[in-house]
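Keeping the supplied structure of chain A fixed, place chains B, C and D upon it in accordance with the hints.
If you want the building blocks of each chain, they are given just below.
Protein chains: 4
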Amino acid sequence: MPQPLILINLKTYREGTGSRAHMIAQAAEIIGRESGVAIGVAPTYIDLHPLAHHFAIPVYAQHVDGVEPGANTGHITADAIKTAGAAGSLINHSERRLTLAEIEASVRALHAQKLSAVVCTNNEATSAAAAALVPEYVAIEPPELIGSGVSVSKANPGIIRNSVATVHAVNPNGTDGVLLASSVVKAKDPGAVLRDLVSKL
Amino acid sequence: MPQPLILINLKTYREGTGSRAHMIAQAAEIIGRESGVAIGVAPTYIDLHPLAHHFAIPVYAQHVDGVEPGANTGHITADAIKTAGAAGSLINHSERRLTLAEIEASVRALHAQKLSAVVCTNNEATSAAAAALVPEYVAIEPPELIGSGVSVSKANPGIIRNSVATVHAVNPNGTDGVLLASSVVKAKDPGAVLRDLVSKL
Amino acid sequence: MPQPLILINLKTYREGTGSRAHMIAQAAEIIGRESGVAIGVAPTYIDLHPLAHHFAIPVYAQHVDGVEPGANTGHITADAIKTAGAAGSLINHSERRLTLAEIEASVRALHAQKLSAVVCTNNEATSAAAAALVPEYVAIEPPELIGSGVSVSKANPGIIRNSVATVHAVNPNGTDGVLLASSVVKAKDPGAVLRDLVSKL
Amino acid sequence: MPQPLILINLKTYREGTGSRAHMIAQAAEIIGRESGVAIGVAPTYIDLHPLAHHFAIPVYAQHVDGVEPGANTGHITADAIKTAGAAGSLINHSERRLTLAEIEASVRALHAQKLSAVVCTNNEATSAAAAALVPEYVAIEPPELIGSGVSVSKANPGIIRNSVATVHAVNPNGTDGVLLASSVVKAKDPGAVLRDLVSKL
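Protein chains in written order, with our numbering: chain A, 1 to 201; chain B, 1 to 201; chain C, 1 to 201; chain D, 1 to 201.
Bound-form chain A, shown alone (with noise of 0.2 angstroms):
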């Protein structure tokens, strides 16, 4: 089984703008070539391109719209996403949610400009949805720990074992599970959080 991607999303955090957004790319690209582990971050669109150029881990959009480049005031396409050198992008993030319309619009988007998905669910019978999509990858979210301070794996592995095997039910080979990890942009050290968290896996 492939090594899932650890997928930084700095949020709209103030800590994980600007100069704190290039530690942390920092930090995840050493930590990344040290360890083995693909280690990405997920800035905001302001910095999507200063980090996509000045560092070699994967940089993905925080959401992407479904929509061709066009009348589309205020939106974000794959276009523009792939232009500021991104790999990809997160999809209906329970901080962004879409339907089911947009989210399929919005994968088939970023293949077309040879892009990475990665749709996030809230538990098993999503996670089967958004398989069935074939995204590069599935992030699950349960809703009792947005917010918590406490990890996926950590509270409920189970959760995370049996949305796996379901998204493995469906589609088989192509979708993977990533981890979100928003916990290390707010850390005194985001440095030693991240080494700490990839010595677990």
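Please note: incorrect hints may appear among the correct ones.
[What the hints assert, rightly or not] Lysine-lysine pairs mimicking DSBU-like chemistry, simulated, CA-CA at most 30 angstroms apart: (1) 186(D) / 82(A); (2) 188(C) / 82(B); (3) 200(A) / 186(A); (4) 186(A) / 82(A); (5) 82(C) / 188(B); (6) 186(B) / 82(C); (7) 114(B) / 186(C); (8) 188(A) / 82(D); (9) 82(A) / 114(A); (10) 186(D) / 186(A); (11) 186(C) / 82(B); (12) 188(C) / 200(C); (13) 82(B) / 200(C); (14) 186(B) / 114(C); (15) 82(A) / 200(D); (16) 82(B) / 114(B).
[To be verified] Listed next, the stretches of chain A that the computed footprint assigns to chain B, with coverage defined by at least 3 CB atoms under 8 angstroms from CB atoms of chain B: (17) 89-100; (18) 123-137.
The set of hints was computed from the structure by calculation and includes no laboratory data.
Positions of the beta carbon are idealized from the N, C-alpha and C atoms, including for glycine.
Below, chains B, C and D alone, put in the same frame as chain A:
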């Protein structure tokens, strides 16, 4: 293969409320009995209770929210439509799109009340995703046909065949197709249009 | 200054549907007649018609969509709630937020049917904006109080005074305040709670 | 009366990103200096920072969320666009509608960062409501003109006059009109189209 359900979506047409809703439901009951085809109606919330109590055909809500009874002003609970006598509900109609998390919650809320779920989708990929949620029915409405006055089955028989195959690949037993018919509603003689539709199955 | 309307929002509480809805409406009718205070109820869509026909008090929908009768599956039209016998509708409740364009369309749709609009807002600025749409009522629900079990008038009399002043500055004649009361619904003796509330006005 | 701001909305057109965005911004800078008319551009989030740093004209975001920096994945904070060098943001564009509560929060978030708010509306009533939130600008886009290729000022000068009067009645000093121009973006020679537009003011 079981015969698909024909569901007459009365939308919010004036021609589909009050006495007209009763007339259409009566035509559905008569023609269903004559032909052996399962025919139901999906009226407005206001007509749900009277139609469910006056006719033997299945009566569906046009939308249901996957929320518990409680502090959810302006929502439609599975509990409320069960009390009104509904057999189930449409979910995620193209005119009332929901997030993936909401669709799953709505299917679950209906099932907790032993009601049937008809999830609407817009293409093969979203049909497969919907099937993973194990609703009783999946109804496909390709956006290029919506509002065109052309029925899905006439314009694009391939998309229906492929989608049914996709649905069955994800969920071999359990989920069936459904034919959403709204052209009946505004017809001068809804019974004649419905009888014609049934004769072509 | 005209006395504010008291509107009992039954939400989708089980304790606010069916026979309980009738019992609460009856209490509202009796206490309203005794006290001279205008008291109405806002039940679920399913209970709208029976309550409007059994009681003399104003019955409001909890939400209305500003769309014409037609191809709007799952929507609530002003036309439908008028037919059901409603006196008006809540719009933009904190549990069912709308865009500014939708709020304006809903107010307009109600007025076209000679129904009353109760626009809900969350602070002074949005109350002033709502008043500019000339609804019959504006109901303020500061987010810090929602779900706290503390009534707006008790916790923060200043916000009500200021908001009423703001509303009147924008729209001197026409728009009045309304007191949304949902604590009545789950009470063991709704009549006693309501009588107590009225005595404090 | 102060001259209105002309704001070129680059939307997500391919012809309005990257080097084309620079070319259009440069034309705006030159023609603005020549004519004395205030001309700004609203590019994608990705182009916000480079344009704001290369040109002296005001650069606006196309949308901003009224949320604090923090756990708001996929959102655009006023903080982020301030850092990128923006002068302000569009809010509630017809292609990115917001709830009334969100519009008010976005205006407030911009003002907290000393940025300008351009609230888009669809008719006189919503313009008056928007003016009550005291943004720097209100931009009216009647739905019958959107996407028609006909400019608001040409097709319906009355609606602009009436709306400006309505805005000023609600908010006599503070809120001005703005002319949203997107036809410039796809033009072969954006500078020529812009120069022509300015000559007609």
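Hints, verified against the model:
no. : hint            : result
1   : 186(D) / 82(A)  : 21 angstroms, holds
2   : 188(C) / 82(B)  : 25 angstroms, holds
3   : 200(A) / 186(A) : 20 angstroms, holds
4   : 186(A) / 82(A)  : 28 angstroms, holds
5   : 82(C) / 188(B)  : 25 angstroms, holds
6   : 186(B) / 82(C)  : 21 angstroms, holds
7   : 114(B) / 186(C) : 26 angstroms, holds
8   : 188(A) / 82(D)  : 25 angstroms, holds
9   : 82(A) / 114(A)  : 9 angstroms, holds
10  : 186(D) / 186(A) : 43 angstroms, violated
11  : 186(C) / 82(B)  : 21 angstroms, holds
12  : 188(C) / 200(C) : 20 angstroms, holds
13  : 82(B) / 200(C)  : 39 angstroms, violated
14  : 186(B) / 114(C) : 26 angstroms, holds
15  : 82(A) / 200(D)  : 39 angstroms, violated
16  : 82(B) / 114(B)  : 9 angstroms, holds
17  : 89-100          : holds (count 5)
18  : 123-137         : holds (count 10)
In this structure, the hints that do not hold are numbers 10, 13, 15, in rising order.
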